Amino acid sequence: MTIGLSFLLGLLASSVSYFMIGLWWPAAVVVGLFAWLAFALLDVKMDSTFTLLGGLLLVFCVSLSAMVFRASDQLSGLQYIDTQSEDGIEFRYPVPLLGNARYGEAVYKAHGCAACHTQQVTHESVVLDVKALTGEKNHAAVEEAISRFRNVTGRDASSGAGFPIGEWETVENALDAADASKARNFLAAAGASVDVQVRFRGEDLTQHDRQNPRGRGWGKRRSVAQDYLFAEPPMLGSVRIGPDLANVGVRHSRDVLMRILLNPKTFRKNSKMPQHRFLFKKAGKDEQGQHIIHDGEETYKPTKDAEALVDYLLSLKSANYPLPEAPINQPYTSSMPKPAPAPAEAPDATKADEAGK
Amino acid sequence: MAAKKTNEETETANAKMAGPAPWVFVLMVVTFYWAINYLDGHGGGFNAKVYSPHKDAAVVASLKVQKTPEEQAFESGARIYRGICVACHQPNGKGNANAGYPPLVNSEWVLNESPSRAIAIISNGLQGPIEVAGQVYNKVAMPAQGAALSDEDIANVMSYIRRNGDWGDAHSLPLVTLEQVKAVREKIADRSAAWTAEELIQQFPDSQ
Amino acid sequence: MSSEPKEDKASIDPREAVDRSCCGPVLFLAFSAVAWLLVYSLFALLAGVKVHAAGMMADSAWMAYGRIQPASQLALQFGFLVQLGLAVSAWILSHRGKTVLVDGGYLIFGGMLWNAGVTLGFLGILSGDASGLVGLQMPGNVLPLLFFGFALVGLSLVQTNNRRTDEEMSPAQWFLFAATLWLPWVLGGSYLLIHFFHAKGVVANIVDWWFIQNFARVYLTFVGLGTLFHFLSALSGRELVGRGYAQFAFWLLLLFGSVGGVSPGAPVPAWLPALSTITAVFYFFGVIAAWVSLTRTVNGASAANDEDSLAYNLMRLTALVFISVSILNVLFAFPGPGSVAEFTTYGPAMELLFKLGFVGLTLIAALYHIFPRLAGVDLSPTMTRVQTMAIVLGLIGASLPTALGGLMSGDAVLGSGFYFASLGNLFIFVGSLILFLNFLGAIRVAMKNCDCFASLFGKDDTKEASA
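Just so you know, the protein sequences line up as chains P, F and D, in that order.
For the first sequence, my numbering assigns the number 247 to the initial residue and increments by one for each residue that follows.
For the second sequence, my numbering assigns the number 4 to the initial residue and increments by one for each residue that follows.
For the third sequence, my numbering assigns the number 5 to the initial residue and increments by one for each residue that follows.
None of these hints come from the bench; they were simulated from the model.
Since the model is a prediction, treat every value here as computed from it, not as a measurement.
None of the hints are false.
Here are the simulated BS3-like cross-link-like pairs (lysine-lysine), alpha carbons at most 27 angstroms apart as the crow flies:
no., chain 1, residue 1, chain 2, residue 2
1, P, K528, P, K515
2, P, K550, P, K563
3, P, K547, P, K515
4, P, K528, P, K518
5, P, K511, P, K547
6, P, K428, F, K58
7, D, K102, F, K19
8, P, K563, D, K204
9, P, K518, P, K550
Computed far set for chain D versus chain P, every beta-carbon distance over 10 angstroms:
no., residue
10, L127
11, N145
12, T169
13, A220
14, G241
15, V285
16, V302
17, A305
18, R320
19, S328
20, I331
21, P376
22, M387
23, A394
24, M412
Cβ coordinates follow ideal geometry from the N, Cα and C atoms, glycine included.
This is chain P alone, in the form it adopts within the complex (with noise of 0.2 angstroms):
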């Protein structure tokens, strides 16, 4: 065999036990140089049929193995988990789609909306802020750590003064884990209350005036496979001439997405998407309730399909809370304890005794 298509089967040998059977690269790298010794000692024809035929079995199964195994044997295991919702309330998640909803996916399923819509949030890179806490007591020592994490990180000297007391401040923001945890650790050492809040940067994710310019508020995490664990089947779609509706349940109301099926341009008037009329149903001039939609000078009453759909829309609140593997940073409770007072700044020294015992 030509020491070129040896070299190329030493290299298949090697993708192989680093890909597929997860040996330490420098051992697959071994393993490959002997496959390439072996096979250019070999005399094996490329034209005879038998070998292509060997050759193309081998390199579907470590496609298949590669690829595909690995990655159910990683994820077809997957199980409730629990988390909580904004008001701390624990509940397993994800939740199963019922009824009407389950239906809805299938109608969601029926009509393609995958073919204009994605329900994967993605987000580029993940950045830590860091905010103290100091009582008058520490300030002079929490300015003084502030400057030194400046200097020993290499950002903009300026020194830590002008820190205001008794208030919640960011120290800095968008750094990385390293970062983060050396300004903790200084600001702590100086007596100050240390709070590093984790912020996923990303276009697709919930706005936050600065920090996000660009945020689209699609979601406050990014999508993981533990979140489609009852899609059957996922239906992520591949391109976005539409919004995300991963998290769609929390961004509208039944009565908007009613509105969008029916005519998209009452909602957003440069929509590209198309009308669905034929979800819905003509109503009669003066027939009330809560189902109407008006459109225009027609009256619309939704169909079974429709009231489906929008009920499967609603329940996708996939990008919403915390997981493991995908956290969502929480916004500052608004009641923030402020500093303890010192004990030595009370102006009765009987009471200084026994107060905070």
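Here the structure of chain P is known, so what remains is to put chains F and D in place on it, guided by the hints.
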């Protein structure tokens, strides 16, 4: 009989069979090295829980919102308050004068230097009239909450009601510690009946 | 390419016998393919127009955008590309092997099953029975029909290849042989994993992406490259140069084309997109090697016969399209550029350019060469030129503006890109209509002259040839 080939024919024959020059294979090896490094940097260690752009599982674990212990105590207390206390004392801490629930906002019982009395009230409940912020409340007794709450829970909810800046500037007292709660509960361990205001003042005089 | 025929094999079948044996099966598949191209272009046009005229056909569920768009893709990929690929493969394998097409009847029967499967799939999607997975939208129970149809055709092709007179296979034969085996394996594997074993959650999507990657980067690429390797050397009269390069390309494209295709933001663990990036880089090495071999073979020569010049030049154009799209693909395989282009109309536009612009046009060019030899009648030259121009222009219009539009605004889509796309789709529709009529007209003339359907079963010709 082997036919003699001219140089041209040899060249053509070689060109026909030509394969990549050796330097291509060297380039492939270099690329393979790059690929391994790329996988190390971006592959998340083939871990099922690591999603791009995180580097590995340790980084993901360190991304949990890292709150200080004080803040965690405060938030835990807030959760307990919302779960148990809001029914009577309301989320805004103002209680309901008509129903007979005293407010916690600016209450001298809450904001007393020593948390002992409030701890006792939570543990065993309160009965009889009590004056809070100049008004007397006597309509209902407060049921005991001590059975459901651990020492840590009581410490946390006490910290919350004493440090909740939303309720006013006076609510900025230090954290209530576990030791304080334990000491108080030990002291009143043999009592099971609800307290009255006078008994509380007797049990925990000022400056204790 | 000439060698002594082995004594224990049938003697080299004369060219006319080979053509006669191919006539019925190949033309049947080619005709079905051209018909499906027409269906594709019509529905793609309708889908594109719905983006502008939102109220058009809004009362019909069957005409919902989300139904006609996947249906049109099915028609293009499975109806047109696969069938025309099989037709051209049959012709090339029998001609390269200097043998008659073996068991052409299986080929026709398999082709009928395949057509039935695609039709059922097409109607299934329109009626709302789509599977929801991007690459495999047809209803699950259509897949076994497709599998068996293709397997029958494959049987014929493999037997033909086995009957070749030269033991040594040329790169064209490697690529086409591998493609013939690869698609049923990948199709069958996907069917089993998704519909039979019910892959759970995102694993179904991962299998779907695996299928899409294998279908485009292995199967279609191999069909296109095999066709190019054969025709660029046969039509220019030059022998293949750089067989080693072709061998190198073959294995690299196979190994690294079969893994990947996961976009950087996908809701799967990070190693899948990382693996996709790596395999894209190595795949590109294979592309370069194939390109080197092809360019050295062609070496600036023009077509040996004037009548082949349209087909030949079209193929040189599609080779250019192939290398351009491959360069872009490897650049956008990295997460930086990839996340800019992710989920925009760039992806579908590039895929259209690849599928129709490279594979589709290569096969159509091959058809221009094959058709007169099989039917005994030339396709009308003016119509051929017009339809080629229309499809080429239409492709440019349908893909480049939307690709740019998808990239330029980051993720928002520029409306003007869609207008150009609709114009492009219109051109493609006109072009494919002309192609269909051209084909039909020529067939009707041919059927008066030749006795194409007598050679339905290749056994008659085999006996004749060995006499």
